[in-house]
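Undergrad: Starting from the given sequences, assemble the full structure and let the hints guide the process.
Order-wise, the sequence lines are chains A and B.
For what it's worth, my numbering labels the leading residue of the first sequence as 1, then goes sequentially.
For what it's worth, my numbering labels the leading residue of the second sequence as 1001, then goes sequentially.
Careful: at least some of the hints might be erroneous.
[To be verified] Calculated lysine-lysine pairs in the DSSO-like style (CA-CA distance at most 30 Å, straight line):
#1 A:K78 with A:K11
#2 A:K78 with A:K15
#3 A:K11 with B:K1107
#4 A:K15 with B:K1003
#5 B:K1069 with A:K78
These are calculated hints, taken from the structure and not from any lab test.
Keep in mind that this is a model prediction, so the values were computed, not measured.
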Amino acid sequence: GAGVSQTPSNKVTEKGKYVELRCDPISGHTALYWYRQSLGQGPEFLIYFQGTGAADDSGLPNDRFFAVRPEGSVSTLKIQRTERGDSAVYLCASSAPSVDTQYFGPGTRLTVL
Amino acid sequence: DAKTTQPNSMESNEEEPVHLPCNHSTISGTDYIHWYRQLPSQGPEYVIHGLTSNVNNRMASLAIAEDRKSSTLILHRATLRDAAVYYCILREIMYSGGGADGLTFGKGTHLIIQP
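TA: Structural data, given as structure tokens:
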């Protein structure tokens, strides 16, 4: 079956611009997670959705970062006024109800010039 | 999630067994031990998890120490495709059987496989 997909696979933007990153989870998965991975580091948790609501957004680094999941399926991570330090691979994962196994997408590589 | 300690890197030969250690001395009674791996240029993938007893699946085996303060991921016959970063993660299981919040990744062990 189809796995988690993320678009775009690569995004290059200029400092100060706004970007949106999209995640399509596995069908039927109620939980959705966003992570950020810098070079040489493990992924860092950003936000977790259960259905449409953000159950835990404690990992968002500041108020420039925001994520939505309006219909409980697709999610969009939004970054305002991008900074060079935002450059990283942004990973999305989803998991089925009552199962603690996360399935990851291939990630979006964001480069802020 | 409680903290884990893993070696930065390990090297092994193709078609030989690989034992990847993980120390988690502060593990609590409700923490499960999960392993994920990340192949180059891919997102992490689930490998295996366990609580107290040793576990086997098609990818690997997980050996858990009797005091649960350490565990070992075992790849029985490593192939070049097993070259990846392996992460050991503790997860507190929720009453519903699922997890909550995000995974806490460390730096993991970079496994190098020599042909």
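Undergrad: Please go over all the hints and tell whether each is borne out by the structure.
TA: Hints, verified against the model:
1. A:K78 with A:K11: Between K78 of chain A and K11 of chain A the Cα gap is close to 13 Å, so the pair holds against 30 Å.
2. A:K78 with A:K15: Status holds; Cα separation ~15 Å.
3. A:K11 with B:K1107: holds, 25 Å
4. A:K15 with B:K1003: violated, 35 Å
5. B:K1069 with A:K78: violated, 40 Å
In summary, the structure is inconsistent with hints 4 and 5 from the numbered list given earlier, while agreeing with the others.
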